[in-house]
Each structure stands twice: as C-alpha cells, then as structure tokens.
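Starting from the known structure of chain A, arrange chain U on it as the hints suggest.
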Amino acid sequence: MTEFTATLFDGKRSAAHPVRVRQQGGAIYVYTQDETDPVRMDPLANCQITPPLGQTRRAIYLPDGARLETGNQEAVAQLDHLNRHSRGMQWVHGLESRWKLVLCSLATLVFCVWIFIAYGIPFLAEKAAESVPAAVMETVSDRALDRFESRLLTPTELPEAQIAELRAHFREIARRSGDDQQLRLLVYKAPQIGANAFALPSGKILVTDDLIRLAENKQELSGVFVHEIAHVRQRHGLRTVFQNAGVFFVISALVGDVASITSTAAALPTMLVQRGYSREFERQADTAAGKYLIQNRDSTRTYRRMLKRLSEKSPAGAAPSMMATHPAVKVRIRQLKQLEKK
Amino acid sequence: MEDTGYPGVCQKPVAGGSEAGPQNHPFKFTGTGAEFFRIWIVNLLLTIVTLGIYAAWAKVRTRRYFFANTVLNDQAFDYLADPKVILRGNLIIAGGIIIYMVLDLFKPAYSGIALLLFLLALPFLIYKSLRFNAHNSAYRNIRFRFLGTAGESYRIYALYALLVPLTLGLIVPYWVYRQKAYFFGRLPYGDTGNQFYGNPGYFYTTYLLAGGIALILIICVFLYTGAMTTVTAEASSGQTDSVPVFFILTAFVMFALAAIFISLLKQFVYARLTNHCLNATHVGALQFDSRLKASHLMWIRFTNTLAIMASAGLLIPWAKVRRTRYILEHIQVVTRGSLGDFAAARETDQTAVGDAAVDFFDIEIGL
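Just so you know, the sequences run in chain order A and U. FYI, the working numbering numbers position 113 of the first sequence as 1444, with every residue one higher than the one before it. FYI, the working numbering numbers position 6 of the second sequence as 20, with every residue one higher than the one before it.
These are calculated hints, taken from the structure and not from any lab test. Fair warning: there could be bad hints in the mix.
Claimed, not checked - Part of the chain A face toward chain U, derived, beta carbon under 8 Å:
#, residue
1, PHE1340
2, GLY1342
3, ARG1344
4, SER1345
5, ALA1347
6, GLN1386
7, VAL1423
8, LEU1437
9, LEU1440
10, VAL1467
11, VAL1471
12, VAL1572
13, ALA1576
14, ALA1584
Using N, Cα and C, we set each Cβ at its ideal position, and we do this for glycine too.
Looking at chain A on its own, in the form it has when it is part of the complex (with noise of 0.2 Å):
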C-alpha cells in the first residue's frame, strides 16, 4: 500500500484539484482533501505513468485521460514496479540519474563513433560499391565527365605521337598490374587544374598537358598512373560518395537535436572526418604505386621525384594537414621509400 498527495487535473477543465492517492492491490483510489470515501476508483493495470526524467514531478494518466501528478518520486517508483510499464525508460532513467554511467556513456559513445567511423562506415561503402554495377558507375562516370569537359577541359596540344606513346605505356602497365579491362586513357589541356589526374569509376584516367610536360620522360608517369589505376580497382570513387553519405547520417544524428547552435559547427567534423577518408585512400592509392614499381624496377625514386616536382610546381602546403585531401607530400615520399626497405 503506498499514500502520497498529488494534485489532479480531469483534462476537460484546466482547475488544479488537490488530493489524496492511495494505492491498494491492483487499483488508485483517489480521495479529495479530508474525505474517507474516495472520489474515483481506477485499476492500476490501465493507467499509464510517465516515465521518470530527471526531477521533473511524475505524473499519473488515469484510463479517462485525467492527470496525477506528484513530486512525489518514491510513491510512483512503488508503481512503477507494480505497474511494469515502460521498463526500458525506467533503466535509461536509471543511467542518467548516475555521473559514473553518464561518464562510461560518454566514452562508449565516443568509442562507438570512432569504430563507426573508422571501421563501420569504410566497410559498409565497400560493400555498397561493389553492388553497384558497371553499366551504372558508367553513367556516373560520364555524366562526370561531360560536366569537367564543357567547363575546365579542351583537347590536348601535345604531339600525337607523344599521346601514342604515353597511350601504349599505360595499357602496358595496366595489363602488368591486372586485368585492363576498361582502363583507359584520356589527356586533356587544363590550364586551370594544372598538373593533375583524375580517375572516374569507370576506369577512364584523366591526366592534364601540364602533368605530361612535368614527367621528364614516360616512366616518372608510370607511378602517377598505377596511383590512377588503383583509385579505379579499389572503387575509391564511388566509396568516397558513400562514405561521405555516411558521415552526413551520423553527424547528423549527433547534432540533429540542437541544429540551430551547431549546425555550422556540425560543418567543421564533417569535413575533417572526409578529408580523413580521402587521405587514406591516396595512401592506399600510393601503396599499390610503390608496390608495382618496386615488382617491376625495383625502385620508387621516379615516383617520388614525379610528387616532389609536382608539390613544387603547386605550393598547397598552406593548408593544415588536417583539412588536406592528400597527405603531406613529404609523408608520401617517407611512406615511399619504407616500402622500398620492406
């Protein structure tokens, strides 16, 4: 039997009445002020009882819709027990009325979305990735690429025998390092990319007159071009869109509730956690550069002269390394020749 005061309000009028709530087996008796006889009889089984939050007053919904409420919280946590409704709210409640839970809440959020990010969120796009088939990363590809041809690319002014040249060089190399199945080349003038390629998922590789020019001769492009090749093999294109895609769902998910002070705020880790990405898919990208070089001429040097030479040419090294979308080109250099010592 438990007693306690609340104060009850019928839901058809908004006067608050104060009374008196005992509870005995199965049912609420509710009694005004001094009175023996009660005014209302419910069985406990239909009433619905507000979950516990915080300190706020506990209140009672009686099968009519009428309203006890109570500050009261040892009476109520007497019926809640009795009542077994919301159980799963009760134990919630139960960690955040602890600092020591909310505290190892805290880490194991901070450890759920470090394994999400960095593990959960990578596998799930590879696995998307490769459900998505050719004829699809085809229209992608191209939809891309008529986009970058009407805005940044003209055609080449190389000699043709030069582009033959360089032509017959990359499908030499993409038949050593695999299949060549769609693997083509493509050179285009850019004057305002610069020295730079690109690889669409559907294995069209992009490389720019400037980058040509920089190459003293073909084989310093032969890393640049197995770098290409595994950014197509490895899908890093298609899993870059859904992994971003994955970090949008779960930033939002963090944040979504106070959108108004952090959204922007929201903005920065976003960026942070894709750059991350695509710095770990360059490395991926140079690993299987430095690997095939070594296979097949026992040294990356060509490779690391071509990223000096082209981390000269254009001086990026203002931006932080953490806002990079390629690592340092001194780390890749390092990361080069460790390989090379393996």
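Same frame as chain A, now just chain U:
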C-alpha cells in the same frame, strides 16, 4: 469560487489576490545544465548504438525535459508525443533522403523531380508538424491545438516564398509576418480561441534596423581588414612564404566574423519579433508580457558559442538550458481570472511525419 466537479472541493484562485485586477504569472525554468547533460549523453549513446532508431525516444525525452521544467503558476507543461509515431516519421524521412541520394548519384534527371516533389510537400509537412506539436503540448492536462489550414500553409510557404525573389526580397518582412500570424493566429488552448494582433509595420522596422546594423558592421569589417592588409603586407614584404598563410588567416577571420555577426543579428530579430508576437497574442482574457532584450540574447549566444567550441560540444546542453531559462524568465502571462478556468476540446490524433521532416531539415518555424 468555481465548481470543481468534485464533491466538497471548491477551487480557490491558486496565486491568491483578488480576481478583479490583472495578475502576472512569470514563467520559470527549473531544469539544470548538469541534469540535461546526463540525459543528452545517454540520448546520443542510445541513438548511435541503435543506428538512429532511438532518436525518436531521445527527441521526446528532450522535449519532455524542457516542457516539464517550464513552470507557470506552479504547474508544469507536458509534451505528450508518442515516440513510435515520431519513429515512423523519421523512417519515412530517412527513406526519402536515401532515395534522393541514390537518384542523385545514378539518375540525376529524376533527383530533380524528387526534390520538386519534396518542395511541393513541404508546406503540407509544416502544417502537419505545427498540428502535431500543438496537439502534443499540454498545460494543466489541457492540450493546445493548431487550427491553421493546409491551404494557408501553401499560400505562405509556396506562393509567398515564390514572391520573395520576384520582389527582390522586399516582401520578406511581410512574409515572416504571415508565418508568425499563421502560427500564433490559430493556436487555441483547449477550447479557448486566440487572436493575433501582430503588425506588419513592426516587422519592416525590425528588418530595416537589422539591415542598418548589418551595413555598419560590414563597413567596419572592411575598414578593419583593409587596414590589417596594408599593415601586414608592409610587415611581410620580402617574405613571400607568409603571403598564402596570411590570406588564409584573413579569409578565416572574415568568415568567423561574418558568422558571429549573422548569429548576433538573428538574436536581435528574434528578441524583437518574439516580444511583438507574444504581446500581440491574446488567448481569451489571457495575455503575454514578453521582455526579451536583444543585447542579453546576443551576449548569451556569443558566450554559448565560445563555450561550446572550447568544450568540443560538451557544453551544448548547458548552453541550451541557459538560453531557455533566460527566454522563459523574461516572459510572463497576465490574466484577469484564474488559470484553472480553461476547458478542453476534442481533436483527432496527428501523424508525426511532418514533425520529423521539419526537424530533419531544420526549418525554423514558430517560436
């Protein structure tokens, strides 16, 4: 004295005092940052480990916390939404976003159509969301209601929205006025209807003042960065290395300053419009007295942002509680009769789809 329907009990006016003169009932907020922090952390953890399913429960718990700690005349508010209904809405919205993302990737022609469909549905979602939230808000066990129509929502969020670019934005203050009138105009408490006496002219004054402040600030920023550029350029002449770093720093400072100014100006607009709208809303004989100070809200927003950044987000709950407390404690209700004298009305249940959609896309509506 009123008949309570319970034998032997006569309800006295709770706040005391004579029933003839107006009585002021200030809002109080009893939540604390430490308590909400614990709820917030557990919400985030459970949302992540359940892959977002718990988000619906988390939302209800957060809203309930803020409602249940909003106290007026010794009685708290209550938020009654069923998390399962919100979950259904969340799933529909998440499905819509995934479909949009997939279409955008593989069939971009259709993604435009999907976006158009969403924009067409948006006024309806706003209407549904307002109804859902009003219906699930209660005070003294009497629910609020929202009686605005879907047609009016389309007039405001589709028709007037289209007029904004056509009028070069001149219609914006009137547009915002119509949004507020839509929200505050038909928001009865139980069966007690309400009126909104807002004045479009006040909205124009507010936005003109905000524009004037923005202009002064922009001029100041230009003068400042202009001066800085000259000074730094002279100081670093001969050191070519530092030039890109300097430009990046300038761009960063400009961006940060712009973000701060915009968010502070928003506080100015928010304070003026909230005061105006609440003071222009009458619920039966009940009125509001809202005295938010723009300067206080700006200070709170500025220090909150600093605190959130310095704590890597951990002070978000504290900041939210702090701002809510300030706002609520500068609003009071003025009544002539008792607050215990309102009656309920009947209404059918609402679906939460609109609620979730509006939350997901962070469209600021209402208060």
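Do the hints match the structure? See the list:
1. PHE1340: Holds - the Cβ of PHE1340 of chain A comes within 8 Å of chain U, reaching about 3 Å at its closest.
2. GLY1342: 5 Å, holds
3. ARG1344: 5 Å, holds
4. SER1345: At 4 Å from the nearest chain U Cβ, SER1345 of chain A passes the 8 Å test, so the hint holds.
5. ALA1347: 6 Å, holds
6. GLN1386: Holds - the Cβ of GLN1386 of chain A comes within 8 Å of chain U, reaching about 7 Å at its closest.
7. VAL1423: Holds, because the Cβ-Cβ distance from VAL1423 of chain A to chain U comes to roughly 6 Å (cut-off 8 Å).
8. LEU1437: Holds, because the Cβ-Cβ distance from LEU1437 of chain A to chain U comes to roughly 5 Å (cut-off 8 Å).
9. LEU1440: Since the shortest Cβ distance to chain U is 4 Å, the answer is holds.
10. VAL1467: 5 Å, holds
11. VAL1471: For VAL1471 of chain A, the interface hint holds, since the closest Cβ of chain U sits about 6 Å away, which is under 8 Å.
12. VAL1572: 6 Å, holds
13. ALA1576: 6 Å, holds
14. ALA1584: This interface hint holds because 5 Å falls under the 8 Å limit.
The structure meets every hint from the earlier list without exception.
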